[in-house]
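*Asks:* Protein chains in written order, with the numbering used here: chain A, 1 to 201; chain B, 1001 to 1201; chain C, 2001 to 2201; chain D, 3001 to 3201.
Heads up, some of the hints might be wrong.
[Unchecked claim] From the structure, some residues in chain A lie toward chain C, with a derived Cβ separation under 8 Å:
# : residue
1 : I19
2 : L26
3 : F28
4 : W44
5 : P45
6 : L48
7 : L55
8 : I60
9 : W61
[Said to hold, decoys possible] Computed beta-carbon distance windows for the label pairs:
#  : chain 1 : residue 1 : chain 2 : residue 2 : range
10 : A       : Y133      : C       : G2165     : 49 to 55 Å
11 : C       : N2038     : D       : S3136     : 37 to 43 Å
12 : C       : R2076     : D       : A3118     : 26 to 32 Å
[To be verified] The following residues of chain B were derived to be distant from chain A, with all beta-carbon distances above 10 Å:
#  : residue
13 : D1014
14 : A1018
15 : A1051
16 : V1074
17 : R1132
18 : G1160
19 : A1184
20 : F1188
Calculated from the structure, these hints are not laboratory results. Each residue gets a CB set at the ideal place from its N, CA and C atoms; glycine is no exception.
Protein chains: 4
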Amino acid sequence: MDGSGTGRLEAFSDGVFAIAATLLVLEFSVKEGANLGNNLLHLWPAYLAFATSFLTIGIIWMNPPFCVETMARVDRTLMFLNLLLLLTVSFLPFPTRLVADSLRTHNGERPAVLAYAATFVVMAIIYNVWWRYASSGRRLIAEGVPDRAVRAISRAFDPGVPLYGITFALAFWSPIASVAMTFAIAAFYLPSAALFDRVTD
Amino acid sequence: MDGSGTGRLEAFSDGVFAIAATLLVLEFSVKEGANLGNNLLHLWPAYLAFATSFLTIGIIWMNPPFCVETMARVDRTLMFLNLLLLLTVSFLPFPTRLVADSLRTHNGERPAVLAYAATFVVMAIIYNVWWRYASSGRRLIAEGVPDRAVRAISRAFDPGVPLYGITFALAFWSPIASVAMTFAIAAFYLPSAALFDRVTD
Amino acid sequence: MDGSGTGRLEAFSDGVFAIAATLLVLEFSVKEGANLGNNLLHLWPAYLAFATSFLTIGIIWMNPPFCVETMARVDRTLMFLNLLLLLTVSFLPFPTRLVADSLRTHNGERPAVLAYAATFVVMAIIYNVWWRYASSGRRLIAEGVPDRAVRAISRAFDPGVPLYGITFALAFWSPIASVAMTFAIAAFYLPSAALFDRVTD
Amino acid sequence: MDGSGTGRLEAFSDGVFAIAATLLVLEFSVKEGANLGNNLLHLWPAYLAFATSFLTIGIIWMNPPFCVETMARVDRTLMFLNLLLLLTVSFLPFPTRLVADSLRTHNGERPAVLAYAATFVVMAIIYNVWWRYASSGRRLIAEGVPDRAVRAISRAFDPGVPLYGITFALAFWSPIASVAMTFAIAAFYLPSAALFDRVTD
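Construct the complete structure from the given sequences, taking the supplied hints into account.
*Replies:* So this is what it looks like as structure tokens:
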């Protein structure tokens, strides 16, 4: 372990990200005995939920490296916040399966999507606290990182919680629209990872 | 592999920790056909067992790096003890599911929680032997680590086995209280990871 | 993270490859109550599908290191393409199980093998785009890599999409022949990894 | 990737070892509705199979590092042999579950344990070929490794295939004795890892 502990934090987090993303596929299931071809085509809600969860995990993963890179060290509080973040990430396969099953069977769509959206809200909140703790007063930020880079990262964090809050509210009105919006948020955040290039320039 | 073998021991252990923690979610299940919303709210014992097991694995993971960091090398005996420790960690998802299922269905709570508590007792015993072997007579301890740091770590290990022993006894009287106490132990050990900062100072 | 980001990209990709490959075995199942000995012998389609998927993942894994090695850096677009590639790799255990189950029960073989072949087609397309993006105009290629090495890698990528396209078409006529050809492609690509030695010479 | 490729080979192999070992626990199951306490006590064949498979994977893992350490480089053939070795390791959770289930239900014990023993025989053969290829004529051996160390490793490999062959034959006569012997082999190989210390001295 290097003196700052950032390397080890990254390695463990990467492990959980990679495993949670790969476990998503285990939640797929098809009805036995029915027409398999039709079944596979009607699985599209499962594919949507799978892709949404996978891309979101991938995007969170694409961010931490550059965030952690901007840090000179980690402390005990950040490790605890990181553990909570990983707990929600590793929980994601469960609501993903609920959404896939309920959209396919048209049974319990609202509670399933509410649970799905709530998981993203909690995840976004913890990830925000994680970053605010590290960056406030430049607590753990490396000296070489300019103030404007820290502010740019903070601005990129701003829309996360409100957006996922809207997906939660939307689930009361239209579960499928809520899942589609969760997918859209992942697509929206992909280009914002351009910050990545800006900081390391 | 570096000459001391500590890097490789850490990498394999981290892998098992990350995988076991992430696999916990696979043990979740809901009754088919029932009201999903109610079902999800009544899953709270599963959430409690999931969080308890996840946090405990996380805390064991937060400790070894700094313990291993204090070591100059590993030997064959420590690798064997480490293998036993990983065996109990990778076993944890099974009793976690038993506890989640039994608390939800009010069926077989006592044996399930006894199995859960017994796993933690065995894990705590092996982890203690692991550290006593490494630290006794400073067998594997690096030269730069002061004696008082070794003693501080040893003191942090002291309460583990008795505390988990109490959760085991408690399970005979009240299974849910036993699980709650297991959760509390995880919460109690989080601040004690402050030793982390003290040793590396 | 090193400045170029290639190390981290490799580490996360390796994680997904290793996990997806190892998860394949979870899809095995035997009929309860029947004669186990006969059952195990009649599982040969499952063994074939397991070996085909495992070897294909292994071969993709054997390639990226040397491809990534030829790169001086990664950018945001490559990370996104890589995420899509990992999404298809982590999806593979699902169609693998469909193939294994349908070939064993002689039920729904055509749609199952079509889904299997389609996954390989999509995977081959994304992997091709991944490499064309990185290599076109030597966008991300390291200076030390000679032009003829880049061209040799590109040539090795050429047959991928057409070959998997043929397995897809073949599935309409004979599902088992399609799976056998998918296995043969993996066997065919193993020696082509010889490029590995040529580039690093 | 370093020029020799040994680092990357080790990292991927470690991933598969750690994942396969941790997945073993997913194969545990208990009969629903029955008396859980009795059930858990009658699961001992599952515990035995779990511990045997876990320890064997752990011991294979304890060996490769030092074997790979003795190598100056890897080539394409060794990577292919390594892929086959990982294929058998990642397959192990399936026969482990068969053994655990059949010993518990007294149904199909012979074919289950034959499949289990056959997996170990194949694994031992591939692992032997893996080492013979690397060491014959010191093909991939690093210069600093003395001849007597190479011979000592080869001697440690000698008993593997015959011993597992005996467990296979034994399964015809007594399945449980065969599993017990597989466990004993793991216990026997643990001290033989002492070679580890001798080589690195």
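*Asks:* Next step is simple, just say for each hint if it's right about the structure.
*Replies:* Quick rundown of the hints versus the structure:
no.	hint	result
1	I19	holds (6 Å)
2	L26	holds (7 Å)
3	F28	holds (5 Å)
4	W44	violated (13 Å)
5	P45	violated (15 Å)
6	L48	violated (13 Å)
7	L55	holds (7 Å)
8	I60	violated (12 Å)
9	W61	holds (7 Å)
10	Y133/A with G2165/C: 49 to 55 Å	holds (51 Å)
11	N2038/C with S3136/D: 37 to 43 Å	holds (41 Å)
12	R2076/C with A3118/D: 26 to 32 Å	violated (48 Å)
13	D1014	violated (6 Å)
14	A1018	violated (3 Å)
15	A1051	violated (7 Å)
16	V1074	holds (14 Å)
17	R1132	holds (22 Å)
18	G1160	holds (19 Å)
19	A1184	holds (16 Å)
20	F1188	holds (13 Å)
Of the hints listed earlier, those the structure fails to meet are numbers 4, 5, 6, 8, 12, 13, 14, 15, in rising order.
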